[in-house]
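These protein sequence lines are chains A and B, in that order. Going by the working numbering, the first sequence opens with residue 1, and the numbers climb by one from there. Going by the working numbering, the second sequence opens with residue 1, and the numbers climb by one from there.
Hints are supplied without guarantee of correctness; some may be wrong.
[To be verified] For the chain A half of the interface with chain B, some residues (derived, Cβ under 7 Å), not all of them:
id: 1; residue: ILE173
id: 2; residue: GLU187
id: 3; residue: ALA189
[Claimed, not checked] Computed, partial: chain B to chain A, Cβ under 7 Å:
id: 4; residue: HIS57
id: 5; residue: THR72
id: 6; residue: GLN76
id: 7; residue: ALA86
id: 8; residue: GLU89
id: 9; residue: GLY92
id: 10; residue: HIS95
id: 11; residue: GLY105
Source of the hints: derived by calculation from the structure; they are not laboratory data. All residues carry an ideal CB built from backbone N, CA and C; glycine is no exception.
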Amino acid sequence: MRWHPLEIVFWLCTLLPFVVTPNYLSLASQIAITALFALSLDLILGYAGIVSLGHAAFFGVGAYTAGLLAKHYWSEPLTGLVLAALAAGLVGYATSHIIVRFRHLALIMLTMGFGLLLHEAANSASGLTGGADGLQGFKVPAVLGFRFDMFGRAAYAYSLLILFACFLVARRIVNSPFGLALRGIRENALRMPAIGAPSRAHLRKAYTIAAVMAGIAGAVLTHTTSTVSLETLSFGRSADVLVILILGGAGRLYGGIIGAIIYMVARDQFSGLNPQYWYFWIGLLLVTVVMFLPNGILGGFARFFPRKT
Amino acid sequence: MVAQDIALELPRGARHALIGPNGAGKTTLMNLMTGMLAPDSGRIFLDGAEITRDKPHDRVKKGLARTFQINTLFPQLSALESVALAVLEREGNAHNWWRGLPRFGGAIHEAQGILDSLKIPSRKETRELPYGQQRLLEIALALATRPKVLLLDEPAAGVPKDESAALFDAIDGLSRDLTILFIEHDMDVVFRFASRIIVMVGGRILVQGPPAEIARDERVREVYLGKARLAA
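So that you can see chain B by itself, here it is in the shape it has in the complex (with noise of 0.2 Å):
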């Protein structure tokens, strides 16, 4: 996967849809966004300061957080210990090994209430929790590091449709400082959550602009209707 010519801006507060085709590119620029993959060329900045050169850690320290398409989860970990783990880290005492964990009341009380405002059962293992609930809390960890931009990678990927509604209402909630990109494939959740609409093709980015622009955009036509024509 390659993505190259990327010019891309997300005003604070953003609701910003990431669409194209399987193969585009939208996770590798999501992965170079966060240092998971390093570019060759470019550069990338958050809050008008570099970030190019900084470790996918230090990225998130300064408030890019991401989530993933693929569950990426602590499978034997509880949803809270998870969620307490990410407040740690932020507030910096996840390196503190001398004092016991229930020490630490204010990160384990922030992550109950992250948990809570997702409706996400706290006390069990991870690998216990319902697929749904498993997503869930992909964003409740994202949330749990106070970002100021948050990359959604496909959050519904996998729940059924009459699902992936409230998850998204859960993360309309959110707070409206907060900067959103997400990738989504359902066009519907797409046209009612986006404010905007960035649509790759190639490894580029085709076209993007307020969603009846796209809506009305020939080349992004041509491009969903040659790949409905195809699988006709």
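Just chain A, with the same shape it has in the complex (with noise of 0.2 Å):
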């Protein structure tokens, strides 16, 4: 697949905190495994239209193990990611055969129970997990020879090369035939079988790539934090990621990023406006664009640019 010229523009972009925000760095690297974590909800969702309630069960699994890994065995954050991955894949999979065989509400809650069946799992398992206080102690040095340091340079760079090369995963999938018959349950899962598709088959290795792909992104948050938080599993992370998957414009693999964007920012501003309140303004923005952008900010923006074939 050749490559937009915009495409190319806003990748450049995403350097420009290095210069123009040097302060911003952290919020930064937040951003970018926000985005992550939404373009992985973005390939269930936009593209097989499997609604899920649950993502932040991967977010976390893959917390936790890079956590853990770093706690008590050894702090190379490369081969944290790797296991982290693993972990989030191992969990996506075996979930994946009960969640592919619902659909709509039914599918809504059982993601949505499979989150907080995890979240109390991990609150209760204190001895492993730390419980409510989540995981300290540990530190990772450095990654592909950048020292983590209190400007957050390496945390950014490391955040946004990670979320760069899934994203060329992504974009791959997208755009393969794995990536179409992704779209063609989506536009219509009964006519699937009719053409000869096992969408049974095809929506679990969906799931589970978006797994290990949401693993990679918890991984990354606790490398750059030296910290796992019990938040990482949330409920409330799980719907973050929705609205923000919603915001920017599902099915679309940038709709993930510009939302993150978007929503981290407003976040960061808003909440220093009025530290109590500032959802108000998220549930504002959330509405005035589902309303008047119902695919998104990005959807709106595709239409004054030819739609490419």
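These two chains come separately, so use the hints to put the complex back together.
Following this line, the structure appears as structure tokens:
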């Protein structure tokens, strides 16, 4: 697939924080991590049509796997990433067998149920997870030769690099025959078996890939903050990422990234303005976007550009 | 809707029509044949091999395809994407997630060929196609699976009468090796295209035979005349 010039411009712009807002690099790396998390949700929601309200389960599994590894065994981050991806992928694959049997409301409730189960399991297994206190007291010293410092340069470089790498994979997937099959399932799940498609096998694979990617996002958060909090598994995180993706525009790859930028910057600004009521503004933003731009901010934006074929 | 005591055989290359009043179980029979419904009893064979327990997509792989009475398409995929997807599934390439679609030129070319043969524009999104072309796309999707047996559930449903003849001409032009069973209400069309007619009433096969025989059959007249009498 050829790169659109706007895509190249976009990725060059992601380097701007290093120069333009060097004091906001830790926010920038939070955004990159959230963008990766939203990208992973886009694969199942935007492409395959699986609405999940429990996607934080995989983010949290990745975050805890990386944290436990760094705390008890070794702090080298790349192997941590791989193991976190593996753990999240295993949980994703195991639950996918149930998930793909359901649709609509039942599916939303199931994903939410799995998320809550995992959250409370981590909460009660405080010997392993630290419970409500989370995991602390470990340090990931450096990655790819960058030392993690208080300015967050290495953290942002690392988050951005992993986001970009996963984006390349996601881009391949959505432009492949498998990506077309996922869109087919989203467009008409009833027709798929009638053209010989094993829809459930496709969905299990998509769900597992999305879990792997969410797990990687969680691990990057662990590595860049040297803590794991119970919040990584929370319902709030699952709901936020859904809002982010819908704000940005589902089914467009860049929707989750744009959504993450707007949501996180808005949250940063609004919570500075009024620390107690900032969700009011997020609510207003969501209502406005859904009413006037039903396909998200990117969907509205895309109307001004000819569709690529 | 129920269907019972069904004994039906489709010889290779058949052009059989399935007729009967509304609620006779025609679509139910197709759902049973394609595995979208599970029968309580009885067996289904394709080319001598039993397929009663096969999943719908496995039956398609073995050569049993269908179309739907109500358009069951992919609204936001282009016609070309839709048909190419069916070809890719048949080839076993639809699981491939690491190679770009343009690398599957064979499948895309084949899909284009099917669309050209039915005169369907390929680049427009399905939802933007006129209704008549969407009906043809129903058939194109089924053909892309390279079926041995094709079940057409009211292929001309909702199509104006002058266009439905063209649609059936397209169906008539399909390979003579292809076995076709179609549901149709328009008796002109049925008698023009069917080599054999199966009449269903109340979930059972009332009678089946060549068109001339069916036209003379007292029971069939009863069913249709009875309906006419009710309507009058």
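How the hints compare with the structure:
1. ILE173: Holds. Min distance 5 Å.
2. GLU187: Holds, because the Cβ-Cβ distance from GLU187 of chain A to chain B comes to roughly 4 Å (cut-off 7 Å).
3. ALA189: 10 Å, violated
4. HIS57: OK, holds: HIS57 of chain B within 7 Å of chain A, min 4 Å.
5. THR72: 5 Å, holds
6. GLN76: At 6 Å from the nearest chain A Cβ, GLN76 of chain B passes the 7 Å test, so the hint holds.
7. ALA86: Holds - the Cβ of ALA86 of chain B comes within 7 Å of chain A, reaching about 4 Å at its closest.
8. GLU89: Holds: closest Cβ of chain A sits about 5 Å from GLU89 of chain B, inside 7 Å.
9. GLY92: With Cβ-Cβ at 10 Å, over 7 Å, it is violated.
10. HIS95: 6 Å, holds
11. GLY105: 12 Å, violated
Going down the numbered hints, you'll see the structure goes against 3, 9, 11, while the others check out.
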